[in-house]
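Chemist: Can you make the complete structure from the sequences, with help from the hints?
Those protein sequences? They're chains A and B, same order as listed.
Per the UniProt record's numbering, residue 1 is the first one in the first sequence, and the count goes up by one each step.
Per the UniProt record's numbering, residue 1 is the first one in the second sequence, and the count goes up by one each step.
Treat the hints with caution; some may be incorrect.
Unchecked claim - Quick list of in silico lysine to aspartate or glutamate cross-link-like pairs, DMTMM-like style, CA-CA up to 25 Å:
hint : chain 1 : residue 1 : chain 2 : residue 2
1    : B       : K105      : B       : E60
2    : B       : K105      : A       : E171
3    : B       : K154      : B       : E60
4    : B       : K154      : B       : E117
5    : B       : K114      : A       : E171
6    : A       : K187      : B       : D107
7    : A       : K187      : A       : E101
8    : B       : K154      : A       : E171
9    : B       : K154      : A       : E169
10   : A       : K187      : B       : D77
11   : A       : K187      : B       : E116
12   : A       : K105      : A       : E165
13   : A       : K105      : B       : E54
14   : A       : K105      : B       : D15
15   : A       : K187      : B       : E60
16   : B       : K105      : A       : E169
17   : B       : K168      : B       : E120
18   : B       : K154      : B       : D75
19   : A       : K187      : B       : D75
Claimed, not checked - Per the computed footprint, the stretches of chain B lying under chain A, defined by three or more beta-carbons under 8 Å from a beta-carbon of chain A, are:
hint : segment
20   : 62-76
21   : 90-104
Calculated directly from the structure, the hints in this document are not laboratory data.
As the structure is a prediction and not an experimental result, all values here were calculated from the model.
Built from N, CA and C at the ideal position, the CB exists for glycine as well.
Okay, here's what each chain looks like letter by letter:
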Amino acid sequence: MAFPSGTGASAKGKWALVNTVVVVYALLPVLWITSLSFKTKETIGDGNLIPRQWTLENYADIFNTSLFVRALVNSIGIALISTTIAVLLATMAAYAVARLEFPGKRALIGVSLLIAMFPQISLVTPLFNIERALGLFDTWPGLIVPYITFALPLAIYTLSAFFREIPWELEKAAKMDGATPAQAFRKVIAPLAAPGVFTTAILVFIFCWNDFLFAISLTSSEASRTVPAALSFFTGASQFEDPTGTVSAAAVVITVPIVVFVLFFQRRIVAGLTSGAVKG
Amino acid sequence: MAEIVLDAVSKRYPDGALAVSEVNLTVADGEFVILVGPSGCGKSTTLNMVAGLEDITSGELRIDGARMNERAPKDRDIAMVFQSYALYPHMTVRENMAFPLRLAKVDDKVVRTKVEEAAEVLDLVEHLDRRPANLSGGQRQRVAMGRAIVRSPKAFLMDEPLSNLDAKLRGQMRTALSRLQNRLATTTVYVTHDQTEAMTLGDRIVVLQAGIVQQIGAPQELYDRPANLFVAGFIGSPSMNFLPVTVEANRLHTPIGEVPLTARLRRLLADADAPRELIAGIRPEHFEDAALVEEHVREEGAVFTNTVEVLESLGSEKYAHFALEGEGARSQQLTDLASVTGSADVPTGGTSLLVTRLSSATDAQEKQRMDIWFDPDRFLVFDPDSGRNLTADA
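Modeler: Shown next as structure tokens:
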């Protein structure tokens, strides 16, 4: 990737400066919260970026409470299940949107856009009542269902863009080579769409993982409370103690899976993109 | 090995547009048939209908006598080579070529020998483990061919397979393709917009325009006896000259002088009950520098004198362009032709232009007058309204 303008050292220097500013701006809060999580209770308010006294006590504390560990299990489970189902459904829907002409196609696209733009807060009360009536309140499915609903439009949009990139002639060629439509999809289209599927999976996973609104409103106990919601229930040793240290430690811990997820799939994405070229 | 029959096959799109209208064509076993025409003439649609990638609106498609209209592409046992080659980018060359066999659940050992055989024929052996992205255009084209030939299908369909190659490579691949088809003797339907490719490759050519078959015939037949103005103008490069002519008594008034009607022409025109205003067509190679024509031959033909406007030398021959007085030939078919080929190729309206192909021995000079000899018996005469060739049955 070349720089847009100039090849001289000064142009590179300018870009380096701009990039540094952006990176520092974005990462400073992360650094700050990481620093807080390593500070002892006595030094937490001292305003130093680098802790004067290092401690792992905060991490030990959160993993000793069933509140956090249980929430972590809920978060991972709910996010993974939602992502899998949403991506599976969206792959099929996006393929149809990109390749097939069927009545109501425009309506489908319109409705999914509508869902994506719908203010979620206005759904919280009705969902609360519906889920209580159906017995879904405070269960895993109670969160998985709304997550899938809101993740689908995003997933369909991203995936159909990827499907449109795949030359239609490849599918025709597969048919001519003797493949059934299902075989053509499985052996030719799906492998080529893999980078798109992984990208979408990351986006959907992050969406489910980060959600706070549904997590706090549709759960009431450890049975299904996810980490973002559980964080707000943290308390210090006494009522009057501020749980800053433990909250920071928990925040750092829940960032880790996202980073791992992105790093893991990013390699797949890059590998897929570089080998997938049709035209040289 | 198969005979392909198109029996009044038509294609109408849901929006009502008629893409292909009642095509009747029988491709004999082992024959190489070319569908040629300008873009949008329905040639690719026809091919896709044979392949099964598009539904047939009406009519019947038979391969080896069996009706194919409702069969899926995979059940028709025909292979297709696409313009973009459509190689699977995530597979190696070997896997690309093996794909049809793997789908047919052929034994692993057989797959390997068949792929290697095909690679041998197409000179791809050292590229078998590379991916399509790392191959050159010509190599990709050969892989696409390889994928088609490995499973020995009943027929090959080719959709402009050479149009993505550069001119020189295209010429080489054309010869290679011809040789391959001769060797395999597999029925082949080939689509192209390039009339040179059509002339050089095909046993027979089908000229299509606006979804309607204009003429079916051997290349030389199409060249010598085009059925109408469209075919006459489309086949041949540089294209045929069209001149507005009037019949008067026993003479033909043309922008290049009055010529006597030969007995043959007179009889043909009388038989066809032709109008007096006609269009005459004559190919550039039927002219010659009068100075180079022997005396006794010269007397059989006619001579006109005009100023050379542009002279192009190709080494082996020279093209002399003349601007003639008066309006050019007008006909609906010529207008159609001009709009699909880019009007530069075909003179219509305005002053009429004349292209002549002369021997390289001529001393013709630009901007100088010269005598040009031609044989009036070479004139093809067309009806301006229907575009029909009135001299076709000679």
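Chemist: Are the hints correct? Go through all of them and say.
Modeler: Hints versus structure:
1. Taken as a hint, the B:K105 and B:E60 pair is broken in the structure, with Cα atoms around 31 Å apart against an allowance of 25 Å.
2. Note on B:K105 and A:E171: the hinted pairing holds, with a Cα-Cα distance of about 19 Å set against a maximum of 25 Å.
3. Restraint check for B:K154 and B:E60: satisfied, since their Cα atoms lie roughly 18 Å apart, inside the 25 Å limit.
4. Distance hint between B:K154 and B:E117 is fulfilled; the C-alpha atoms sit about 19 Å from each other, no more than 25 Å.
5. For the suggested pair B:K114 and A:E171, the alpha carbons sit about 23 Å apart, so the restraint of at most 25 Å is met.
6. Distance restraint check for A:K187 and B:D107: the Cα-Cα separation of roughly 19 Å lies within the 25 Å cut-off, and the hinted pair is therefore satisfied.
7. Among the hinted pairs, A:K187 with A:E101 is consistent with the structure: their alpha-carbon atoms are about 23 Å apart, no more than 25 Å.
8. Note on B:K154 and A:E171: the hinted pairing holds, with a Cα-Cα distance of about 21 Å set against a maximum of 25 Å.
9. Of the supplied pair hints, the one linking B:K154 and A:E169 holds, its CA atoms being roughly 21 Å apart against a limit of 25 Å.
10. Distance check on the hinted pair: A:K187 and B:D77 sit about 20 Å apart at the alpha-carbon level, within 25 Å; holds.
11. Note on A:K187 and B:E116: the hinted pairing holds, with a Cα-Cα distance of about 22 Å set against a maximum of 25 Å.
12. Between the alpha carbons of A:K105 and A:E165 the distance comes to roughly 19 Å, so the proposed pair stays at or under 25 Å and holds.
13. Of the pairs offered as hints, the one joining A:K105 and B:E54 holds, with about 21 Å between alpha carbons and a cut-off of 25 Å not exceeded.
14. Between the alpha carbons of A:K105 and B:D15 the distance comes to roughly 17 Å, so the proposed pair stays at or under 25 Å and holds.
15. Of the pairs offered as hints, the one joining A:K187 and B:E60 is violated, with about 32 Å between alpha carbons and a cut-off of 25 Å exceeded.
16. Between B:K105 and A:E169 the CA atoms are separated by roughly 23 Å; this keeps the pair inside 25 Å, and the hint holds.
17. The suggested pairing of B:K168 with B:E120 holds, with an alpha-carbon distance near 23 Å, which does not exceed 25 Å.
18. Our distance criterion of 25 Å between C-alpha atoms is met by B:K154 and B:D75, whose separation comes to about 11 Å.
19. As the CA atoms of A:K187 and B:D75 are separated by approximately 19 Å, the hinted pair is consistent with the 25 Å bound.
20. Only residues whose C-beta sits within less than 8 Å of a C-beta in chain A count toward coverage, and the segment 62-76 of chain B has 3 of them, enough to reach three; the restraint holds.
21. Only residues whose C-beta sits within less than 8 Å of a C-beta in chain A count toward coverage, and the segment 90-104 of chain B has 5 of them, enough to reach three; the restraint holds.
Hint compliance for this structure: hints 1 and 15 are broken, all remaining hints hold.
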